[in-house]
Amino acid sequence: MLPYFKLHIISIYLSYIAFFVASAAAVLYLIQNSLLKNKRTGTIFNRLPNLEFLDKLNYRSISVGFPMLTFSILSGFIWSENIHGVYWWSYNSRQAYSLVLWLIYAAILHVRLSARLRGRKVALLTLFAFFVIIISLFGACL
Amino acid sequence: MDVVVIGINHKTAPVEIREKFAFLPKHTIEANRMLKENVSLAENLILSTCNRVEIYAVADGNKDYVNNIKTFLGRFHNLNLLDYENRIYIHKDKVAVEHLFGVSAGLNSMVIGEMEILGQVKKAYQDAQESRTTGKVLNRLFEKAFNTAKKIRTETFIGRGAVSVSSAAVRLAEKILGSLKDKTVLIIGTGTVGEQLVLYLKKNGIKSILVTNRTLEKAQDLAGRFTATAVAFEDFRNRLIEVDIIIASTGAPHYIIRNNDIISLMPERKQRPLFIIDLAVPRDVQAEVNKIDNAYLYNIDDLDRIVEENLKLRKSELDDCSKIIAAAADRFMAWLIKEKLKDGI
Numbered sequence: 001m002l003p004y005f006k007l008h009i010i011s012i013y014l015s016y017i018a019f020f021v022a023s024a025a026a027v028l029y030l031i032q033n034s035l036l037k038n039k040r041t042g043t044i045f046n047r048l049p050n051l052e053f054l055d056k057l058n059y060r061s062i063s064v065g066f067p068m069l070t071f072s073i074l075s076g077f078i079w080s081e082n083i084h085g086v087y088w089w090s091y092n093s094r095q096a097y098s099l100v101l102w103l104i105y106a107a108i109l110h111v112r113l114s115a116r117l118r119g120r121k122v123a124l125l126t127l128f129a130f131f132v133i134i135i136s137l138f139g140a141c142l
Numbered sequence: 001m002d003v004v005v006i007g008i009n010h011k012t013a014p015v016e017i018r019e020k021f022a023f024l025p026k027h028t029i030e031a032n033r034m035l036k037e038n039v040s041l042a043e044n045l046i047l048s049t050c051n052r053v054e055i056y057a058v059a060d061g062n063k064d065y066v067n068n069i070k071t072f073l074g075r076f077h078n079l080n081l082l083d084y085e086n087r088i089y090i091h092k093d094k095v096a097v098e099h100l101f102g103v104s105a106g107l108n109s110m111v112i113g114e115m116e117i118l119g120q121v122k123k124a125y126q127d128a129q130e131s132r133t134t135g136k137v138l139n140r141l142f143e144k145a146f147n148t149a150k151k152i153r154t155e156t157f158i159g160r161g162a163v164s165v166s167s168a169a170v171r172l173a174e175k176i177l178g179s180l181k182d183k184t185v186l187i188i189g190t191g192t193v194g195e196q197l198v199l200y201l202k203k204n205g206i207k208s209i210l211v212t213n214r215t216l217e218k219a220q221d222l223a224g225r226f227t228a229t230a231v232a233f234e235d236f237r238n239r240l241i242e243v244d245i246i247i248a249s250t251g252a253p254h255y256i257i258r259n260n261d262i263i264s265l266m267p268e269r270k271q272r273p274l275f276i277i278d279l280a281v282p283r284d285v286q287a288e289v290n291k292i293d294n295a296y297l298y299n300i301d302d303l304d305r306i307v308e309e310n311l312k313l314r315k316s317e318l319d320d321c322s323k324i325i326a327a328a329a330d331r332f333m334a335w336l337i338k339e340k341l342k343d344g345i
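First to last, the protein sequences are chains A and B.
The numbering of the first sequence is our numbering, which starts it at 1 and goes up by one.
The numbering of the second sequence is our numbering, which starts it at 1 and goes up by one.
Excised from the complex, chain A in its bound form (with noise of 0.2 Å):
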């Protein structure tokens, strides 16, 4: 039981520390890509990275992230079954916010290696995603 216990925490962790990492890789390229679009090219402009760059550091987190979710996810079911005799306890919320995470995050991941969404779009996502995981963190400490 404890291996699973021990796991089951990194994995999270680390998926977490993906996630923050794509999350701030996506503010840097909206306040980028909106200089650029609006052609101010002063200090900050000079600081931030390039696009390329911002774009590649959000979707290689969250290629990293996403399997440490699931993994996070899968191992979260066995220790459930472990302590409470079943793979879905309904009163775990944090259950059914991994999921919804692991769905958004799925979809990012889709949309962007099938070249539908890139750039500005997928970054909004990212957002999107990190801002459910801090609802998920509230949601459990309620």
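The hints are simulated quantities; they were obtained by calculation from the structure and are not laboratory data.
It should be emphasised that the depicted structure is a prediction, and the values quoted were computed from it without experimental measurement.
Glycine is no exception: its CB is placed at the ideal position from the N, C-alpha and C atoms.
One thing to keep in mind: the hints can contain errors.
What the hints assert, rightly or not - So the derived label-pair ranges between C-beta atoms look like this:
(1) 215(B) x 34(A): 36 to 46 Å
(2) 34(A) x 115(B): 24 to 34 Å
(3) 115(A) x 282(B): 42 to 52 Å
Stated by the list, open to error - Not close to chain B: a few residues of chain A, all C-beta gaps over 12 Å, as computed:
(4) 14
(5) 36
(6) 71
Stated by the list, open to error - Which chain A residues face chain B? A few, computed with CB under 8 Å, are given here:
(7) 24
(8) 47
(9) 50
(10) 52
(11) 113
(12) 117
(13) 118
(14) 119
(15) 120
Place chain B on chain A using the hints.
Frame of chain A, contents of chain B only:
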């Protein structure tokens, strides 16, 4: 032990006069030696670039050295110096030191803060060393000039920001696309600015260049010069999928690229970012294109404005630079006075 600089530059003389005074690179070392012998200077150094010809000298005891240096200049270039009396400036001691520090940092350059001059000053210093016409004063003076130029570059904004249309465009391209090493540019139409920009992109490592023009011969001619690929005008729209940068510079009276062209293009290029530079007047690209996600449109006014802002920023830094230079020159003069006293004893 006086330090003196005698010279002409782009502020005092047009190129027709400057070229008469210029020392060819292959003559500099010899000219340094001749100058030292003829005028019996303690140390001397010739700096000759396209924007300036300057002689830095240290004189010992020789009272009439300024006139002697001028006479040497006149004789070396076969010129009657009386004709150019008002073009030539002479600075001594602290003013001369500040002048060199300013020149090395690019403050005296045509484009304020440009980097090229520092390399030219370094080369002039190496040549003078090779001529064995430098000594402890010029050695220290130039070492301090290089240090001060470096300090100014790191501590002020004098060298920051693009100050030509080409460099502004390349900077934007790198901020949008990242490295240019795997990117392709398409130039539509011909024109000086557009061609300069393509050359600059090439210098910055762009992978491939496509050229198109209404008359295929012109495109082929240009393609030959850039080692690029010529594309027939009727065909260029089919190539937009593979292109990362478009330079539009045709004389067409109407739009060449419209909003709808790019809207339908973006899914085909899998939303890869597209940087469009519209150098044409009247414009070649519909302004609304800039509103499309992952497409970035800059016209000639946008680029000019960036250049102007950066030049303004550089000029606003001049006060800070002068302070750094004055402090460095004071330290050098203090050292020089100590040396004078030492030699006096």
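So, going through the hints one by one against the coordinates:
Here the CB-CB span from residue 215(B) to residue 34(A) is close to 40 Å, well matched to the stated 36 to 46 Å. Restraint check, residue 34(A) to residue 115(B): a C-beta distance of roughly 31 Å satisfies the suggested window 24 to 34 Å. Hint check: residue 115(A) to residue 282(B), Cβ distance near 34 Å, so the stated range 42 to 52 Å is violated. Listed as outside the interface, residue 14(A) is consistent with that label: its C-beta sits roughly 27 Å from the nearest C-beta of chain B, beyond the 12 Å cut-off.
Distance check on residue 36(A): its Cβ comes as close as 6 Å (rounded) to a Cβ of chain B, failing to clear the 12 Å threshold; non-interface status is violated. Residue-level check passed: residue 71(A) sits 30 Å from the nearest beta carbon of chain B, beyond 12 Å. At a threshold of 8 Å, the smallest CB-CB gap from residue 24(A) to chain B is about 18 Å, leaving the interface hint violated. Proximity of residue 47(A) to chain B is violated relative to the hint, the smallest CB-CB distance being about 11 Å (cut-off 8 Å).
Below 8 Å, beta-carbon pairs count as interface contacts, and residue 50(A) has one with chain B at about 5 Å; its hint therefore holds. The beta carbon of residue 52(A) comes within 3 Å of a beta carbon in chain B, closer than 8 Å, and the hint placing it at the interface holds. At a threshold of 8 Å, the smallest CB-CB gap from residue 113(A) to chain B is about 10 Å, leaving the interface hint violated. Interface hint at residue 117(A): satisfied, since its Cβ lies 6 Å from the closest Cβ of chain B, which is below the 8 Å cut-off.
At a threshold of 8 Å, the smallest CB-CB gap from residue 118(A) to chain B is about 4 Å, leaving the interface hint in force. This hint holds: residue 119(A) has a C-beta 5 Å from the nearest C-beta of chain B, less than the 8 Å allowed. Checking residue 120(A) against chain B: minimum C-beta separation of about 5 Å stays under 8 Å; hint holds.
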